[in-house]
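Whole structure, please, built from the sequences with the hints as guidance.
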Amino acid sequence: MKPKKSPYDHDRDGHDLTGEALHARLARTWGREPGLLGWLSTVDHKEIGRRYLVTAFIFLTLGGILGLVIRAQLATPESGLIDPDRYNQIFTMHGTTMMFLFAVPVMDAMAVYLIPLMLGTRNIAFPRLNAFSYYVYLAGGTLLWVAFALDVGPDAGWFSYVPLAGPEFSPGKRVDVWAQMVTFTEVAALAVAVEITATILKQRAPGMTLARMPLFAWAMLVVSLMVIMSMPSVTLASGMLISDRLVGTQFFNSFENGDSLLWQHLFWFFGHPEVYIIFLPAAGFVSEIVQTFSRRPAFGYIALVLALVATGLLAFGLWVHHMFTTGLPRLGYAFYTAASMSVAIPTGIQIFCWIATIWDGRPKFDTPLLYVVGFVVTFVIGGMTGVMLASVPLDLQLHDTYFVVAHFHYVLIGGAVFPLLGAITYWFPKFTGRMMSEAAGRWTFWIVFLAFQLAFAPMHWSGIMGMPRRVYTYPEGLGWELTNLLSTVGAFLFAAGLLSFVANALVSMRRGKVAGPNPWDAPGLEWATSSPPPPYNFPHIPVVAGRTSLWDNRGHLPAMQGLRVDDRELVLTSVIDAVPDVREPSPVPTIWPLVAALALTTLFISSMFTPWAVVIGSVPVAAALIGWFWPKDAKVHPEPVID
Amino acid sequence: MMRRASLLPFALLAACDTVQSTTGNDGSQSELFTGLFWIFLAVTGIVYLVVIAFLLAAMFRRGGRRQDGLPDEGESRDGGLRKALAGWVGVTALILAGLTVASWIADRRLAQAAASPALDIEIVANQWWWEVRYLDHEPGRIIRTANELHLPVGVPVRITLRSNDVIHSFWVPNLAGKQDLVPGRVTDLTLRPLREGVYRGQCAEFCGLQHAHMALDVTVESAAAFAAWRQRQSRPAPPPTTPLARAGHDYVTSRECAACHNIAGTPASGQVAPDLTHFASRRSIGAGTFPMSRGHLYAWIADPQSAKPGNNMPYVGLEPDELHAIVAYLETLR
Numbered sequence: 001m002k003p004k005k006s007p008y009d010h011d012r013d014g015h016d017l018t019g020e021a022l023h024a025r026l027a028r029t030w031g032r033e034p035g036l037l038g039w040l041s042t043v044d045h046k047e048i049g050r051r052y053l054v055t056a057f058i059f060l061t062l063g064g065i066l067g068l069v070i071r072a073q074l075a076t077p078e079s080g081l082i083d084p085d086r087y088n089q090i091f092t093m094h095g096t097t098m099m100f101l102f103a104v105p106v107m108d109a110m111a112v113y114l115i116p117l118m119l120g121t122r123n124i125a126f127p128r129l130n131a132f133s134y135y136v137y138l139a140g141g142t143l144l145w146v147a148f149a150l151d152v153g154p155d156a157g158w159f160s161y162v163p164l165a166g167p168e169f170s171p172g173k174r175v176d177v178w179a180q181m182v183t184f185t186e187v188a189a190l191a192v193a194v195e196i197t198a199t200i201l202k203q204r205a206p207g208m209t210l211a212r213m214p215l216f217a218w219a220m221l222v223v224s225l226m227v228i229m230s231m232p233s234v235t236l237a238s239g240m241l242i243s244d245r246l247v248g249t250q251f252f253n254s255f256e257n258g259d260s261l262l263w264q265h266l267f268w269f270f271g272h273p274e275v276y277i278i279f280l281p282a283a284g285f286v287s288e289i290v291q292t293f294s295r296r297p298a299f300g301y302i303a304l305v306l307a308l309v310a311t312g313l314l315a316f317g318l319w320v321h322h323m324f325t326t327g328l329p330r331l332g333y334a335f336y337t338a339a340s341m342s343v344a345i346p347t348g349i350q351i352f353c354w355i356a357t358i359w360d361g362r363p364k365f366d367t368p369l370l371y372v373v374g375f376v377v378t379f380v381i382g383g384m385t386g387v388m389l390a391s392v393p394l395d396l397q398l399h400d401t402y403f404v405v406a407h408f409h410y411v412l413i414g415g416a417v418f419p420l421l422g423a424i425t426y427w428f429p430k431f432t433g434r435m436m437s438e439a440a441g442r443w444t445f446w447i448v449f450l451a452f453q454l455a456f457a458p459m460h461w462s463g464i465m466g467m468p469r470r471v472y473t474y475p476e477g478l479g480w481e482l483t484n485l486l487s488t489v490g491a492f493l494f495a496a497g498l499l500s501f502v503a504n505a506l507v508s509m510r511r512g513k514v515a516g517p518n519p520w521d522a523p524g525l526e527w528a529t530s531s532p533p534p535p536y537n538f539p540h541i542p543v544v545a546g547r548t549s550l551w552d553n554r555g556h557l558p559a560m561q562g563l564r565v566d567d568r569e570l571v572l573t574s575v576i577d578a579v580p581d582v583r584e585p586s587p588v589p590t591i592w593p594l595v596a597a598l599a600l601t602t603l604f605i606s607s608m609f610t611p612w613a614v615v616i617g618s619v620p621v622a623a624a625l626i627g628w629f630w631p632k633d634a635k636v637h638p639e640p641v642i643d
Numbered sequence: 001m002m003r004r005a006s007l008l009p010f011a012l013l014a015a016c017d018t019v020q021s022t023t024g025n026d027g028s029q030s031e032l033f034t035g036l037f038w039i040f041l042a043v044t045g046i047v048y049l050v051v052i053a054f055l056l057a058a059m060f061r062r063g064g065r066r067q068d069g070l071p072d073e074g075e076s077r078d079g080g081l082r083k084a085l086a087g088w089v090g091v092t093a094l095i096l097a098g099l100t101v102a103s104w105i106a107d108r109r110l111a112q113a114a115a116s117p118a119l120d121i122e123i124v125a126n127q128w129w130w131e132v133r134y135l136d137h138e139p140g141r142i143i144r145t146a147n148e149l150h151l152p153v154g155v156p157v158r159i160t161l162r163s164n165d166v167i168h169s170f171w172v173p174n175l176a177g178k179q180d181l182v183p184g185r186v187t188d189l190t191l192r193p194l195r196e197g198v199y200r201g202q203c204a205e206f207c208g209l210q211h212a213h214m215a216l217d218v219t220v221e222s223a224a225a226f227a228a229w230r231q232r233q234s235r236p237a238p239p240p241t242t243p244l245a246r247a248g249h250d251y252v253t254s255r256e257c258a259a260c261h262n263i264a265g266t267p268a269s270g271q272v273a274p275d276l277t278h279f280a281s282r283r284s285i286g287a288g289t290f291p292m293s294r295g296h297l298y299a300w301i302a303d304p305q306s307a308k309p310g311n312n313m314p315y316v317g318l319e320p321d322e323l324h325a326i327v328a329y330l331e332t333l334r
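Protein chains in written order, with the working numbering: chain A, 1 to 643; chain B, 1 to 334.
The set of hints was computed from the structure by calculation and includes no laboratory data. Careful: at least some of the hints might be erroneous.
Said to hold, decoys possible - Selected chain A positions facing chain B (Cβ under 10 Å, derived; list incomplete):
1) 88
2) 259
3) 394
Unchecked claim - If you want a taste of the chain A side facing chain B, the calculated C-beta under 7 Å gives, among others:
4) 330
5) 338
6) 341
7) 348
8) 472
9) 479
In this text, a Cβ means the ideal position worked out from N, Cα and C, and glycines have one as well.
Printed below as a string of structure tokens:
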């Protein structure tokens, strides 16, 4: 190491500092304190991402158990297993948990972990905000489930239509819990969206132009912008609901010139994009998996990117197809029918490109690619029923029946959970350093895939035969007995499949085959570092010249040098061409995000009991934020050197 | 998947027999639905098979890629696939445009059916029952009933829909698609039954605790039978004849029941619960909770809260003789 010449001449990675010595210096700089306080203070995107992932899977398990309870109740007509009050809480909790606490956060989890690695940077943008978002999410989910355990679980559906969810027809705290839980997840999701957007736009490795960005990053960019556009709508809606319920406003009370349909517009203006917020990250997984296992760059990169963007835009123009039965003007419906159907065009493009990649490559059908095949087979059925539901005359019959239940489980499980399981299998070695068992993975895939069909295909018939959703029981003799029984059997088998997936993951975490940095011989930057990656992600920041860096540069990935090793430093690049721009300090671990999240939690929860909590509770929040943003010494950062 | 597709017609045929099915074809609106549904099913089914065929071909094809599995930047060899993609987009767009137009035409025909109704009915939804009014210019011909609908076959009927509390959705799938009842708004639905028969409708928008028990019995009958039914319904309740029924009448018209229920021709004139004037002529109790029978009637009146937990009819704590009398009286309300 050179002696320092001036206060600005810090130790940097480069020719003088490399290998073990570099690792030791960077690990010290980017590591965190051991112990509980260090654990709670971490701002490492990988640690936060892992926590997000584990938490989301815990909520999946809880929500899944409720799904099984629902299926047990509906297995036979006139079942007395659970009473209607409990049932209504259970189906509300199932939907709320799956949508707000599993589907969106699990995609956030994958993005928070993977995006900085895929882009070749050392940490996510705004890493403290990232930690904060996790704690807020955890608090929101805990609030919901503790309330449910105390018999104060929401019971007005995951969509909380007013006036049923309003103060008159849902007295008590149940819907307040729902509305505040939504507030928590809004805060968390918006925070992650902002981090991901900033990371993608400003922290890509030098040379990774937008046109060379991994498709998963493109998907997450579109999704994050969608979150930023759509969340304000549900924020507004849930805020109005809370104030209707708690301080006596009348936004949704039609007897005081409020309007109950206003809720539906605001909710679905968020709720429909939400579906794509869940699906598009999965589309990103599929693109990455298909590319790696077909041994070929993804076919139609530009078409895939345009399809993502088009889906993101169209998603905002079709919320009214959730409202075809409300009696809005018929002429307007035609527009939403056309808009809803047109989503099938970008989706069809994506499906084509993925199959074409397999077609033109030399596919290797390991477990992740099997999930992609299962995804296509299943998701396209959901797409077809989606086209049917876009048609007004068909929707008038099928709306709010089990046909719709079948449709969105095909879309969400087939379209998002299958790719997710494939993605976890695919990136598991990166997360843990070990491979998941391939044999167990294949068995699991077949159980999950077949049991899913058994559980959800019969629901199409239940719906066509006239069975409405959200009923806690149904009479005999309407022809629904067999299909419901099949669904129940399938649901339990499906749960067994998911359980074996988790078991495989848990066992493989300890006993799996040790994976090298790049066990699948994949092309993305995340595979250029060790598995699991060190706290600083990359010893040297890679430099990118194509879309499949590790395939293009076998063994000699070019790298950039000159980032400080004695302080946390990132290189920021220009938005479009990823030309190195400035060096940027990256925040160090701190406990303040946790403190701020706890203060905010106190505010949110106590505001369910008195509006004054918003006033009084903002004091600790402000104090925590002051601690968080306490000014530090300005440092001068000369320009980096590209080698 | 393909096996499922081939089974579908049989499942649909089986479904036609039930009283609550979207494929019953028992109304001109539901007939439109079924026709359109088949078009969509055939088109999307074919597209699905094409996609699966492409997928299978891609999976089992052993192409001419480099043996080491690592192609150079593949875009240069994509010519054929690019053309196929362009073709695929074009075909998808055309198919979707076709389906959109088909859907639009069907929707227009649904809307046109609303042009000339011959019968006006108003339905007001409540948690968790349906109030039904047959409207007429002559006040004497206005009738009020609950949880049942009698319709003359072949006649277009306009149903005006309102809600007293939360959002409900009126849905008799054998006859027509659903229409929400939104508090603060008035919506309507026109339907034309094509076949005589008994059908079942059910609330299709989650409306709270007993959403599952908010059904509606629909009888489609000949014009003569309908006229006779309407004539009967417009009469006041028959006076009780047996001593037991008379005791029941006295209880019902002077005690708790009368506060909520109306029985035309008696002092019972409550307005917040189902009209009971011709109660015993209905097919079910508690908005489709039970079929109409003496046993269920006993169960319902003795303890409405275990029969349909959460409904607005309170437990009164009747003595056995009061219970016998009330049931005996209610059975005379035909």
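Against the structure, the hints:
1. 88: Cβ of residue 88(A) sits 6 Å from chain B, so the hint holds.
2. 259: The hint holds - residue 259(A) has a Cβ within 10 Å of chain B, the shortest such distance being about 7 Å.
3. 394: Since chain B brings a Cβ to about 6 Å from residue 394(A), closer than 10 Å, the hint holds.
4. 330: 6 Å, holds
5. 338: 5 Å, holds
6. 341: Interface hint status for residue 341(A): holds (5 Å vs cutoff 7 Å).
7. 348: Holds, about 5 Å.
8. 472: 5 Å, holds
9. 479: It holds, given that the least Cβ distance between residue 479(A) and chain B is near 5 Å, below 7 Å.
In the structure shown, no violation is registered for any of the earlier numbered hints.
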